Amino acid sequence: MKISINWINDYVDLSGIEPDELIKRFNLSTAEIEDVEYKGKNIQNVVFGKVIKVENHPNSDHLHILSVDVSSEVLQIVCGAPNVREGMVTAVCLTGGSVLAGKIKPTKLAGVESNGMCCSEAELGIGSDDDGIMDILEPVTIGQNIKEVWPVDDIVLEIDNKSITNRPDLWGHYGIAREFSAIFNRPLKQMPVCDLSKYNNLNQISISIETENCYRYSAISVDNISVKKSPRDMAIRLNYSGMRDINLLADLTNYVMLDLGLPMHAFDNKIVNGIRVCEADGNISMTTLEGEAHTPPKGATLICDINGDPVAIAGIKGGLKSGISDETNSVLFEAAVFDSENVRKTSRAIGLITDSSQRYEKSLDPELTFQALSRIVYLLNNIDNDIRVSSSLSDSYNKKYPQIVIDLKPEFISKIVGCEISKEFVIKTLKALEFGVEEDGEILKVTVPTFRATKDVSIKEDLVEEVARLYGYDNIEPKPLAFDVEPQKVIQSIEYEYDTKFLLAEKYGANEIHSYLWNYEDFNKQNKIETKSYVSLLDSSNAGQSGIRSELIPTLLRCLDENKNSFENIRVFEIGRVCSGLDSENMCIENKKLAIVFASQKKSEFELFTELKTAIIDIAKNIMGIDVYLEKGETVPYLHPVNSFRVISRTADYGYMGVLHPEVKKSIDKRFNVVALEIDYEKLANTIAYTKKIKSVSKYQSVNIDYNLLVPLEMTYEELQKALYKFKSKILVGYSLVDIYENAQSLKDKKSVTLRFQLCSNDHTLSGEEIEKFRSDFVEYTTKNKLELRG
Amino acid sequence: MEINNINETEKNFDEDAKSVKDITSLEEVRVKYLGKKGFIADIMSKFREVPQELKKEFGQKVNALKSKIENSIEEIKLNLAKKQIEFEIKNTRMFDYSLPVDTNTGSLNPRTIIQKQVVDIFKNMGFVVEDGNEIETEYNNFESVNVPKNHPARDLQDTFWLSNGELLKTQTSAAQNRILRTYGPVCKVIFPGRVFRNEALDARHENTFFQLEGVVVGENVTVANLIYFEKAMLKALFKKDIEVRLRPGFFPFTEPSYEMDAKCPFCSGKGCHTCGNSGWLELCPCGMIHPNVLKMGGIDPEKYNGFAFGLGFDRLVMIRTNLDDIRYLNSNNLKVMSQFKTRM
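From first to last, the protein sequence lines stand for chains A and B. Note that this note's numbering has the first sequence beginning at 1, numbered continuously upward. Note that this note's numbering has the second sequence beginning at 1, numbered continuously upward.
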């Protein structure tokens, strides 16, 4: 919202305060100023001039050569405006002066000398009309600087609308002036109005409110209006505040809105002479002032005439038929308050957000309607002396906000703010903001003014804010919190999460990604990835992205797909949340999962598989202290039916890993071998870790013996371990895998597994006989168990 | 005659020694003189034939010659080895020490790196670090933080509603109620999290982004405490003293509410690209927790109070990384994302 400082000065005298100080204090105490415009700064040496002669330009069919009287001299000015005529009074920028576009110098236009420039409103920034040069009809003195007559110089503050959404009182200049008055401790002047009680004996306008969504509707009618155009100073203020001047009656309603924050409307009294405020049935259509047809939804509030024909969408826009035209000389002024929620819903539903609807959404004060009508009649009467008020001030007050009185102990403010604020300051500040304050012993009875009582201020904490913001936050000395030596709880799974991410990135060279919470249905379908979704977004801006994911691997595969042409090796992971089902009350079951995808054009599936298996065992063992291993079992349809496995520990099943299903692999990119893993991260991180024990190390020399066992190709290491499980020897510390050798020619359907057996004793050096005994025992065991020893 | 023989042998050795060029010819010389069938052995074999009176002299001379030859061979050997090393050094080709290497380091999303740093700061300040769901109930997201039904904030926040009536949380505050119930009434807790708003994407807007929020509840917590705390936090975050200013703000869950601006640490308030020439960064919405929020969290607002604060986390990440488009943070663009590595 734009605020004119000239306008503010009508209500509070800010003279002597530097603009920077105004802005700074307002920013810190009230709301954010986003921008400041110094109006008139670039308008220099512009005077009133009279066109005394208009001649055609010899070298141009649209330029004219003017002789312009500016009192001190008669200037020759070349001008291209179509509306120029002899005898016309206009604004002239003298050479050496400037307009918005820049400095004006003596120049030649199409070969003819030109000393100065005749200006349009737009060129001076005081209006929007740029069709021709100003045609000044009001009496002015030729040669006088326009700034001596018109308020061209002004400072306009642009306030961030978001920062005043909770302050309906700040949507007009008077409310802003009240803030400045409180901030700078300068008196707030009364707003000049007309006493309307003298018309009480005139006829009432019939007003009937037929909906709960109208708090109050007040109206008055005025006849015999002859002035059509707004005075210049009013037009300039409207333009500086971001509105255009249209015609006197429309301008007046806008002016009062910018004054008081309460939108107003003017109906042509010949068409509308009584009011019914009704609820729309969802079928009635109305054409607005702009000529657009709208059908307000059922429940929207409509202003109708006596016959029930809609003449305005309440609080949003007036209708075309009842609008002000050039012929209008008799009006009905509306000042009303509608329900904020109802206006907001209607405005969204019909896609029409106006200066008016924006204000109604903030919950306006119904007490303002009389002031608004008294103000508009006062302003109109000042402009047009011949008007005649033709009705009494008519009113229907349907719903009142309750009066709010808050009991406040002044020391409560100091207690919350954390510094000493005197009772005198509290009272003075609240009174400056027009709160009623009565002392009742220890307690202050604070009456909230009606313009703050619609939703903004209701509890004593609200009063803390009022006082503290005017006390000045920069006057509060920061203080540390009371010291506290209790050690804080550490949530292990959160710590593990960082460790896991760092391990995967630093040791396994993987890249972390953050993907969206929803499935990419087209991608999944196209690549034959079957994944479930238990719940979906009601309103997703992107088609095919509404199902909430239940797994992470599909989103990582999409990442692979998007990067497959840029890299030969892709290793990505994510720790993210999914919805893995619904509980008995239809609520989402949310899990935090870890997924990893390793893909390579160089490495075999088995190599990648081994790396991935190493990574998950590493995470589980070295971060969380849990031994995990793989077991054959059901996984997911997009993994290889043979080479996919469950990831389990002795106590729990965490998820699965495996090679990508050949069909999915070929669909994404056949060049890449891909392995993927997905586990329930929180389950793993919350598994109780074993206590690590350090094994005692023998001080005696140990002996290693390698054996090559010839076993069937399909025999797993796990099966081999089982086959060796029953072999016992006192001096055997353990064995480890050295190598697996396959050769289709020499070994056919067998493979040679080299195991290294470590022999040692805790209390003596092994003797040759002991080692020999081990050898013969082992050979005997293998023979008995049909294990073939090779070489 | 044998004595002469010794002298002769010595002379011969001196000549042979001079002609040694490498370790092979040295070995040949060694065998020739010191070998089992070498000259020394040959001379020694004639010891019996030496007359008794000359035996002593003969013995001494032979031994002297033998050790001279041994020493000489050892010396030549050392010389040869030295020469060999000199030769090797001379013939060494210098490495191309400038070849690129690959540390094979992956990358973390910059949010993770910065979140870890921020979380560590809070842990040092004695905060518990919590976590929260992404799918929330309407109650937790709105009612419990004092945003009643029909409140415009519910419109402004463009909520992603779910088919089962739940929603994707629009603010980390959705976890406040649970956290107050778990840790209150005296606590210091932060809860970073991912939040969602149903809005169109551009370089500055995402529908999925990160926030960090914290609460401090106790007896006699004040606005002065809040200001002190925010200054301390920003000092740790930017590793220098930061001037802050508090402006009135409006959030339904706090009363009074503030916007905390930090004087731009990059231009010291002169105005730059990062702060949009305003000299201030709007980073931390905050305020004293609304009594209704405390009440709904099971805490007596007459006895306890506290403050809550947020941190525009993705904005901080963009400032620290110089990323000019927020959409990268949720993207699959490994060309960009893999540059972040794991530390910052």
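Honestly, the hints are just simulated from the structure, not real lab data. Honestly, I wouldn't trust all of these hints.
[To be verified] Taking lysine to any residue and the SDA-like style, the derived pairs with C-alpha atoms no more than 20 angstroms apart in a straight line are:
| id | chain 1 | residue 1 | chain 2 | residue 2 |
| --- | --- | --- | --- | --- |
| 1 | A | Lys621 | A | Ala652 |
| 2 | A | Lys564 | B | Lys66 |
| 3 | A | Lys162 | B | Leu26 |
| 4 | A | Lys683 | A | Tyr496 |
| 5 | A | Lys400 | A | Glu438 |
| 6 | A | Lys50 | A | His64 |
| 7 | B | Lys116 | A | Lys603 |
| 8 | A | Lys528 | A | Asp669 |
| 9 | B | Lys66 | B | Ile76 |
| 10 | A | Lys489 | B | Thr182 |
| 11 | A | Lys603 | B | Lys66 |
| 12 | A | Lys428 | A | Glu34 |
| 13 | A | Lys489 | B | Lys66 |
| 14 | A | Lys602 | B | Asp102 |
| 15 | A | Lys564 | B | Tyr328 |
| 16 | A | Lys592 | B | Lys66 |
| 17 | A | Lys2 | A | Thr354 |
| 18 | A | Lys507 | A | Ser600 |
| 19 | B | Lys270 | A | Glu34 |
| 20 | B | Lys116 | A | Gln488 |
None of the values given here were measured: they were computed from a predicted structure.
Next item on the list: Any hints from earlier that this structure breaks? Give me their numbers in increasing order, please.
Entry: 2, 3, 5, 7, 11, 12, 13, 16
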